[in-house]
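Below are the chains, spelled out letter by letter.
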Amino acid sequence: MIAYAMNLATLIAINAILAITLNFIMGYAGIFSLAHALFFGVGAYTAAWIAMHVSADFFLTVSGAALLASLLSLALALPALRVREVYFVAASLGLQVLGSTVFAEWKSVTGGIGGVIGIPPAELFGIPLSDPHAFLALALACLTFVIAVTYGLVRSSFGRSLTAIRDSESAAAAYGKNVALIKTLAVVVSSALCAVAGALYAFYLSFINVESFVLDTSILLMAMVIIGGTGTVLGPIIGTVLLLLLPAGLSYLSFLPHTEIGSIQQMIYGLAMVVLMIFRPGGLVGGRSLGERK
Amino acid sequence: MLTRSRALAGFAAAAIAAFAAAAASADEITIGADLPLSGPNAQYGDTFSQGVNLAIADINADHMLSKTLVMDYEDSQALPQPGVVAANKLVSVVRVPYMLSAFTSVSKAIAPVAERSKTVAVNGGGVGPDLAELGDYFWNVIPLANYEVRAMVPYLVNERKLKRFALVYVDDPLGDAILKELRTELPKAGGELVGELKIPRDAEQFAGIAARAREVKPDVIYIASFGAQQSQIIKQFRDNGVSQLIASYSGFAIPAIDQEPEAKGALYTSQRMDWESNDPVTKRFVTEFKAKYGKAPNYYGANYYNAVMLFAILAQALEKKGEAITGENLLKERRAIGTFNLVGGKMEFQPNGSVIMPMQINEVDGKGGHIVK
Amino acid sequence: MLFLQLLVNGIQVGALYALTAVGFSLIFGSTRIFHVAHGATFTLAGYVFYELYSVAGEPWIAALAAATAGAGIFGVLVDRLVYAPIQRHEGSFFTVFVASFGISIVVQNLVGTAFGRGFVSISSPLSRSVELAPGLYAPPTAAISVLAAVVCFVGLHFFLTRTHIGMALRALSENPDLVRVFGLDPRRLSSYAFALGSLLVVPGALLTGATAGLSPALGNHVMLISLAATIVGGVGSLRGAACGGLLLGLAENLALWHLDPQWSEAVTFVVLFLFIIFRPAGFFGRVVTQ
Numbered sequence: 001m002i003a004y005a006m007n008l009a010t011l012i013a014i015n016a017i018l019a020i021t022l023n024f025i026m027g028y029a030g031i032f033s034l035a036h037a038l039f040f041g042v043g044a045y046t047a048a049w050i051a052m053h054v055s056a057d058f059f060l061t062v063s064g065a066a067l068l069a070s071l072l073s074l075a076l077a078l079p080a081l082r083v084r085e086v087y088f089v090a091a092s093l094g095l096q097v098l099g100s101t102v103f104a105e106w107k108s109v110t111g112g113i114g115g116v117i118g119i120p121p122a123e124l125f126g127i128p129l130s131d132p133h134a135f136l137a138l139a140l141a142c143l144t145f146v147i148a149v150t151y152g153l154v155r156s157s158f159g160r161s162l163t164a165i166r167d168s169e170s171a172a173a174a175y176g177k178n179v180a181l182i183k184t185l186a187v188v189v190s191s192a193l194c195a196v197a198g199a200l201y202a203f204y205l206s207f208i209n210v211e212s213f214v215l216d217t218s219i220l221l222m223a224m225v226i227i228g229g230t231g232t233v234l235g236p237i238i239g240t241v242l243l244l245l246l247p248a249g250l251s252y253l254s255f256l257p258h259t260e261i262g263s264i265q266q267m268i269y270g271l272a273m274v275v276l277m278i279f280r281p282g283g284l285v286g287g288r289s290l291g292e293r294k
Numbered sequence: 001m002l003t004r005s006r007a008l009a010g011f012a013a014a015a016i017a018a019f020a021a022a023a024a025s026a027d028e029i030t031i032g033a034d035l036p037l038s039g040p041n042a043q044y045g046d047t048f049s050q051g052v053n054l055a056i057a058d059i060n061a062d063h064m065l066s067k068t069l070v071m072d073y074e075d076s077q078a079l080p081q082p083g084v085v086a087a088n089k090l091v092s093v094v095r096v097p098y099m100l101s102a103f104t105s106v107s108k109a110i111a112p113v114a115e116r117s118k119t120v121a122v123n124g125g126g127v128g129p130d131l132a133e134l135g136d137y138f139w140n141v142i143p144l145a146n147y148e149v150r151a152m153v154p155y156l157v158n159e160r161k162l163k164r165f166a167l168v169y170v171d172d173p174l175g176d177a178i179l180k181e182l183r184t185e186l187p188k189a190g191g192e193l194v195g196e197l198k199i200p201r202d203a204e205q206f207a208g209i210a211a212r213a214r215e216v217k218p219d220v221i222y223i224a225s226f227g228a229q230q231s232q233i234i235k236q237f238r239d240n241g242v243s244q245l246i247a248s249y250s251g252f253a254i255p256a257i258d259q260e261p262e263a264k265g266a267l268y269t270s271q272r273m274d275w276e277s278n279d280p281v282t283k284r285f286v287t288e289f290k291a292k293y294g295k296a297p298n299y300y301g302a303n304y305y306n307a308v309m310l311f312a313i314l315a316q317a318l319e320k321k322g323e324a325i326t327g328e329n330l331l332k333e334r335r336a337i338g339t340f341n342l343v344g345g346k347m348e349f350q351p352n353g354s355v356i357m358p359m360q361i362n363e364v365d366g367k368g369g370h371i372v373k
Numbered sequence: 001m002l003f004l005q006l007l008v009n010g011i012q013v014g015a016l017y018a019l020t021a022v023g024f025s026l027i028f029g030s031t032r033i034f035h036v037a038h039g040a041t042f043t044l045a046g047y048v049f050y051e052l053y054s055v056a057g058e059p060w061i062a063a064l065a066a067a068t069a070g071a072g073i074f075g076v077l078v079d080r081l082v083y084a085p086i087q088r089h090e091g092s093f094f095t096v097f098v099a100s101f102g103i104s105i106v107v108q109n110l111v112g113t114a115f116g117r118g119f120v121s122i123s124s125p126l127s128r129s130v131e132l133a134p135g136l137y138a139p140p141t142a143a144i145s146v147l148a149a150v151v152c153f154v155g156l157h158f159f160l161t162r163t164h165i166g167m168a169l170r171a172l173s174e175n176p177d178l179v180r181v182f183g184l185d186p187r188r189l190s191s192y193a194f195a196l197g198s199l200l201v202v203p204g205a206l207l208t209g210a211t212a213g214l215s216p217a218l219g220n221h222v223m224l225i226s227l228a229a230t231i232v233g234g235v236g237s238l239r240g241a242a243c244g245g246l247l248l249g250l251a252e253n254l255a256l257w258h259l260d261p262q263w264s265e266a267v268t269f270v271v272l273f274l275f276i277i278f279r280p281a282g283f284f285g286r287v288v289t290q
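Chains as they are written, first to last, in our numbering: chain A, 1 to 294; chain B, 1 to 373; chain C, 1 to 290.
Do not rely on the hints blindly, as some may be mistaken.
Unchecked claim - Calculated pairs, DSSO-like style, for lysine-lysine (alpha carbon to alpha carbon, straight line, at most 30 Å):
hint	chain 1	residue 1	chain 2	residue 2
1	B	Lys264	B	Lys67
2	B	Lys188	A	Lys107
3	A	Lys107	B	Lys198
4	A	Lys107	B	Lys118
5	A	Lys107	B	Lys180
6	B	Lys292	B	Lys332
No lab work stands behind these hints: they were computed from the structure.
Same shape as in the complex, but just chain A (with noise of 0.2 Å):
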């Protein structure tokens, strides 16, 4: 029972820090990405090749993952730039359709479908972490870190200029606010922080592959941001830890089929969208309305 509560709680800390680095973007600068497994993806197979090929260093492969991932976060920031509501959309769609496709293809560094094997543990200070305990401590550190950079942003003038560009674009730009790069600067650093969730994920499991960086994914974080409370900050949090204690509930419940437990928490969450939607669109936590006001 330890054992699976351990479990439960490590994969909580790393879904929330994708939520956080999320919510960020979304809440925030309402840049609204369904792109998100993407940069989780690339933190994933970024630290597991470093650990595999040069060292299992947590805080060498985390800068890498971080650092690759906040390059290639230059893509997303383009539309965010150029375009807003249905189009962003659709051009982060297409961003993680890509994405996917080259994860499964791109075999010598992914490995496809077949993965990533045999990841090693990580090592902090010359130091292999394979114990479970050791390895949650570490989840939640990184998880207080995410939480506190986001937090301190979100609460110094970068946060209120963000706010601004949420707001009103046209406004924010009138004041004098330079939307290019304070939008450019929030979506570098949400992939950043989110590449930390990679690393860990991969070295938790030891084993990655395209399977969980895919669309489904994507659509999963905006969901728990959504439910919780966008442009909160425990929202994203509360959001994480329900969708993920809602299948462990599940399956206490007997009478529901083992094989449609996945099933039926999507339901449940697809389920929520739309009522919360209808009735408290700014989520549980948040009262505000979501994305800008009409």
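Got chain A; can you put chains B and C on it based on the hints?
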């Protein structure tokens, strides 16, 4: 027309669901099964578990072990990611000494989990030849595809005089393995691989691939895919003017192919098993299988029956010696015994943990298939 | 010859994409609702037909009627029960989009639970190809697809130019306030748009079921294609969506000439991505960016 987004549970969903609820009581021995129970390849899981359940019933009826043997089924969906999550659950939460595996991609992904935790993983369904090289704790009770290809190629080239092969293969470790085998085996036999057509695992539209297959003017279309996709390929190839003979590996040994009208006449290889044999183990299996499921037994059912029976034989020997039933001891015992009396006769393990068996070629006829060679 | 064959395949697929995309574009253009659940309508129509025709053995015309009614009713219900309440109090683009996304997730999983997550095929002799020229094959479904597209487009054209509701729908897409001034109820018109747009998926759903098979996840692909065709063609232009759909169907199939099939969807989305960056107005559309 490829649907990239899969009808899978989200990765986290699968991860958590698989870890939930695990309890074992003191008078039971639990072993695990990491098989496809849902998704487009669930039919394999059904077929495999028929053999598993029969073996469990026999072992408990014969009181082979001091405790009741229980199987913990987990769903791999025939995909590596949920497969690894399920294997992790079996190894670190349920703590099984022995687990069943299936599918090449899943088996390759879970082998490190088995090796690291010193848990035996036994495959009776996947046939990628590299499954033979996955370490001491990964065993195969099914002959691998290199033997299948080496049986099919000479037969088609020499006896049927069909020399030009077009391969339609799925983009995963199994497809890659078959491609590699055909590339080396065809020239040796005097044939030629004239087309290599790769398809994604979730592809469902094959009209264009059929056109490309026709273009290379093959004598034979060799299909290396599995499950529901195989039926789609066959139907759409026939729909789109591909009339050549279709050949495949043991992945065709499922009811869906047998019942697909367009598949009639297709050839596939499988291990040779004499269902009429007088060997008592085989006889018992055949009789019970017919009684329980109302149909003729199949190779997959027999393999998974064997895989579970193998555990019981090893565990029984360990109990007799008063040793603990751990993965390590099971491996030691397998090496000590070496040869086992199982369905289909004597099974002898190679040092790398795989088996060699004679092969046969079957023809799909809608009535369960018959042997052509 | 391979090129010609892929061209024929591409036209068949493209005709069905065009129909589906026009439905999406009609809804989006006249109501500004980003109806992602359009893909769910497609899946539902296909499975209703499959259940009645292939499983229950009803005559095809009855199954067709049920699938058509099902698609129309589903579209209208989603509009009335989900979009209307959201638009009453707020109605930002993202709120509606998220709700629509939720609906498509629910439908995909319901269908998967009810019918299994594998493929099902609507078996029909019409999907069996005949050899038109040496090495060139086409099934009767190809001709039916093109015919269905032409009939639907001609009908739609007459409806939009000759009937009151049609003209009001066009007006709605150009200027919603103008419609209100003339005393027409935009909410009622919205229901017409959803009914009409949803009906247009039926031929695509049935013919795809007969040729390539149905799967619960098919709706995602349909949604992606409709979205891409609408943008490439130009938002608000039905003609553009039709051309966009045909173009994507052709591109997907012609890509097989030199590429492996796993790249065809990626090729589609690279084209889409480039359009969004460099020509967001599409072929025929107005610029609706910032």
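Results of checking the hints against the structure:
no., hint, result
1, B/Lys264 <-> B/Lys67, "violated, 46 Å"
2, B/Lys188 <-> A/Lys107, "holds, 28 Å"
3, A/Lys107 <-> B/Lys198, "holds, 14 Å"
4, A/Lys107 <-> B/Lys118, "holds, 29 Å"
5, A/Lys107 <-> B/Lys180, "holds, 15 Å"
6, B/Lys292 <-> B/Lys332, "violated, 34 Å"
Comparing the model with each numbered hint stated earlier shows that hints 1, 6 do not hold.
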